[in-house]
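Participant: Sequence:
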Amino acid sequence: MLLVDYTDRSVVANVADAQGKLIASGKVFTGTLPESVIIANTPTEWSGVRWTQLLWPLPTEEAKRHVLLSHELFHRIQPALKLTRDEVGNQHLDTLEGRYLLQLEWRALAQALKAPTPAERRAAVSDAQLFRHERYRLFPQASVEEGHLEINEGVPEYTGVRLGLTDPQARIAFAEYDLSAFVQAPTFVRSFAYATGPAYGLLLDEHDPAWRGKLGAGQRLDQLLSLAMQLPAPDFAALKTRAARYDDGTLRSSEESRDSQKRKHLAELKTRLVDGPVLIVPLKKTNRQFNPQTLQPLGELGMVYPTLRLTGEWGALQVESGGALLTQTQATVSTDGVNPSATEGDGWRLDLKPGWSVRPGDRAGDLIVVQTPSQ
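Under my numbering, the residues of the sequence shown are numbered 99 to 473, in order.
Simulated from the structure, these hints should not be mistaken for lab results. These figures come from a predicted structure and were not determined experimentally. Note that beta-carbon positions come from the ideal geometry of N, C-alpha and C, so glycine has one too. Incorrect hints may appear among the rest.
Subject to a maximum C-alpha distance of 35 Å in a straight line, what follows is the list of computed DSBU-like cross-link-like pairs (lysine-lysine) [to be verified]:
{"hint": "1", "residue 1": "Lys162", "residue 2": "Lys451"}
{"hint": "2", "residue 1": "Lys362", "residue 2": "Lys382"}
{"hint": "3", "residue 1": "Lys180", "residue 2": "Lys119"}
{"hint": "4", "residue 1": "Lys382", "residue 2": "Lys360"}
For each label pair, taking beta carbons as the anchor points, the in silico distance ranges come out as [as the list claims (entries may be wrong)]:
{"hint": "5", "residue 1": "Glu218", "residue 2": "Gly435", "range": "54 to 62 Å"}
{"hint": "6", "residue 1": "Ala271", "residue 2": "Leu329", "range": "21 to 29 Å"}
{"hint": "7", "residue 1": "Pro284", "residue 2": "Glu160", "range": "22 to 30 Å"}
{"hint": "8", "residue 1": "Pro238", "residue 2": "Gly314", "range": "22 to 30 Å"}
{"hint": "9", "residue 1": "Gly124", "residue 2": "Ser352", "range": "46 to 54 Å"}
{"hint": "10", "residue 1": "Gln391", "residue 2": "Lys362", "range": "33 to 41 Å"}
{"hint": "11", "residue 1": "Glu159", "residue 2": "Asp333", "range": "34 to 42 Å"}
{"hint": "12", "residue 1": "Tyr104", "residue 2": "Glu159", "range": "43 to 51 Å"}
{"hint": "13", "residue 1": "Arg461", "residue 2": "Ile175", "range": "43 to 51 Å"}
{"hint": "14", "residue 1": "Gly435", "residue 2": "Thr470", "range": "24 to 32 Å"}
{"hint": "15", "residue 1": "Ala271", "residue 2": "Gly146", "range": "38 to 46 Å"}
Let the hints inform the model, and build the full structure from the sequences given.
Facilitator: In structure tokens:
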């Protein structure tokens, strides 16, 4: 385990590293994390060890601290358990209908967790399934995209709740907290699984204690719960009536207002990061440090990261404001008003390693990071 202070990159570890970069200090080992290593709550390969990296200070609230520790410890062993999936955008969760149906599902799951009788729990889970399957009907790619992220992040968050908390009621309370807390996230495209994972996992514990052994078969959490509870197929004709149980119209109105504002914001981002001049950075062999709750889909053009630290063989790109647009192959930041030879712009800074430089791109005003030919 590696505790890292973001302010000065100092680290405290509970075991020695394989390359002797840490110094023994009592029962722990201390040192400094190099600039090339991303700082985040994440598994980290460094100095010959696969670490669970954790940002210091840890949460002061005991429940949140215990959940975080168990969540991140699970991430370290997740590949060995073969519980990792390829991730894609989940961009439908930033649309009006996608967001609305997801929040209805969250509300139904919260009702299921605290239902006083089996019949009421069954009804609430059926409602959650209905809202989810309507989302899958509207967005055919959603079942795969959501299912993959729920394995990658939902299962670790469930593990954090299940193992980090010993009292069953405390687990339920934390799952309910997750379902309500992530409503405040700027977007749901990557944060949603932190909310659904514990809810589905705890419900599965109740109805199929052996469910964790079935994840390797490619099943989604919602599928496993539906099978365990022997739920009938969703009744789409009842959607409007069932939705009224969880929304008196306030949620729908709020989401319509947000959607209108979002369209204006997306137009501004496109002007800045697509239509205008940009710096192009290759994404081969890179690591990212970012806030998953702030990602903004820009349709087929890619994903906007409002803030970001990106490191690669070429160096590091730090984005503090203005955003960066990432595709599968490249990252772009605005160079509007930037000197062609500069490596710093409005809200971003580029630090290049020796052997790399910036040259004009194919489009007027664009810049691109390239490897400098050896002399």
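Participant: Does each hint fit the structure? Answer for all of them.
Facilitator: Hint by hint, here is what the structure shows:
1. Lys162 with Lys451: violated (39 Å)
2. Lys362 with Lys382: holds (32 Å)
3. Lys180 with Lys119: Satisfied, since the Cα-Cα distance of roughly 31 Å is no more than 35 Å.
4. Lys382 with Lys360: holds (31 Å)
5. Glu218 with Gly435: 54 to 62 Å: Holds, since Glu218 and Gly435 (Cβ atoms, about 60 Å apart) stay within the stated range.
6. Ala271 with Leu329: 21 to 29 Å: This hint holds: roughly 25 Å between Cβ atoms.
7. Pro284 with Glu160: 22 to 30 Å: 28 Å Cβ-Cβ, so the 22 to 30 Å window holds.
8. Pro238 with Gly314: 22 to 30 Å: holds (24 Å)
9. Gly124 with Ser352: 46 to 54 Å: holds (53 Å)
10. Gln391 with Lys362: 33 to 41 Å: violated (21 Å)
11. Glu159 with Asp333: 34 to 42 Å: holds (41 Å)
12. Tyr104 with Glu159: 43 to 51 Å: violated (19 Å)
13. Arg461 with Ile175: 43 to 51 Å: At roughly 45 Å between Cβ atoms, Ile175 and Arg461 fall inside 43 to 51 Å, so the hint holds.
14. Gly435 with Thr470: 24 to 32 Å: holds (25 Å)
15. Ala271 with Gly146: 38 to 46 Å: Cβ of Ala271 to Cβ of Gly146: about 40 Å, so the range 38 to 46 Å holds.
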